[in-house]
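Peer 1: Next come the chains, spelled out residue by residue.
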Amino acid sequence: MTGKNRENYNKNYIAYVNSFDPPTKHFKNCFRAFIVGGFICCIGQAIRVIFEEAFGLYGDELSAAVSIALIFLGTLLTGFGVYDRIGRNAGAGSIVPITGFANSVASPAIEFKTEGLVYGLAAKMFVVAGPIIVYGVLAGTAVGLIYLFL
Amino acid sequence: MYEPYLQLLWGFLKAFVVGGAICMIAQIVINFTDLTAGKILVTFMLAGVVLQGLGLYQYLVDFAGAGATVPISGFGYLLANGAIKGAEKGFFGAFTGALSSASAGISAAVIFSFLMAMVFKSKSKKN
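Chains A and B supply the protein sequences, listed in that same order. Quick note: the first sequence, position 53, residue 58 per our numbering, numbers continuous. Quick note: the second sequence, position 57, residue 128 per our numbering, numbers continuous.
Next up, chain A with everything else stripped away, as it sits in the complex (with noise of 0.2 Å):
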């Protein structure tokens, strides 16, 4: 139950119901973000490194590079399922890398292939992506025109 709604609810229910709820566990929580999110971006440092030595790969293309190789990783570990089971610990530890991105692309894709191929995968692809790709490029453009024309 999210915040806003809990304000229509008759005061004692809402007392009544938040004494069943489980307290935040603060810092086991940032810890379990911390390390899983640390894991991921030392796997991305990994794949960095071996790009580097292996195929002689430097600045845009290598972090290109990085980014297709650990979307790669998300969405086949989406498939597997194995994914969501680490997002369950790790909270914004598992969301926040680019894994999390392609898993928000991939779990959709998977889940409501289903309901057709146009109007079940493809478009439920962009659930949680589209927002992102909407305000990137609204921002990042903005950005561009800021500096054209300073």
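Because the hints were derived from the structure by calculation, they are not lab data. You may find that some hints are simply not true.
Said to hold, decoys possible - Between beta-carbon pairs, the in silico distance windows are:
no.	chain 1	residue 1	chain 2	residue 2	range
1	B	105	A	24	11 to 21 Å
2	B	103	A	151	25 to 35 Å
3	B	129	A	18	49 to 59 Å
In this text, all values refer to a predicted model and were calculated from it rather than measured experimentally. All C-beta atoms in this analysis are idealised placements derived from N, C-alpha and C, irrespective of residue type, glycine included.
Got chain A; can you put chain B on it based on the hints?
Peer 2: Below, chain B without anything else, positioned relative to chain A:
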């Protein structure tokens, strides 16, 4: 002779700490608000755009490498960076820069997700 290995290890440590710290900030925000995963992703992406717009995120990328580029704020950094580089070429560059720099990530997400959706079946969600 251990110098390059130490350098490598130091790089991993920086990536771990900075990447972990960004995720921990997100977790703190989740703990104290009711933001869903989608809103967290949009917020952190926008934070990356704004920070790079001010020219600050570049320092973090230079310092932490993958620790700064792997979190979603690195995606925002990429968008802003592309737009800024495009703006140096003119109006058309400023318009196309953002998306063209992010094209690898978006294409990869779409293509791999489509392939995975073809291969895998939806798992029943056991909690």
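Peer 1: A separate judgement is required for each hint: does it hold in the structure or not?
Peer 2: Hint-by-hint comparison with the structure:
{"no.": "1", "hint": "B:105 - A:24: 11 to 21 Å", "in the structure": "19 Å, holds"}
{"no.": "2", "hint": "B:103 - A:151: 25 to 35 Å", "in the structure": "32 Å, holds"}
{"no.": "3", "hint": "B:129 - A:18: 49 to 59 Å", "in the structure": "51 Å, holds"}
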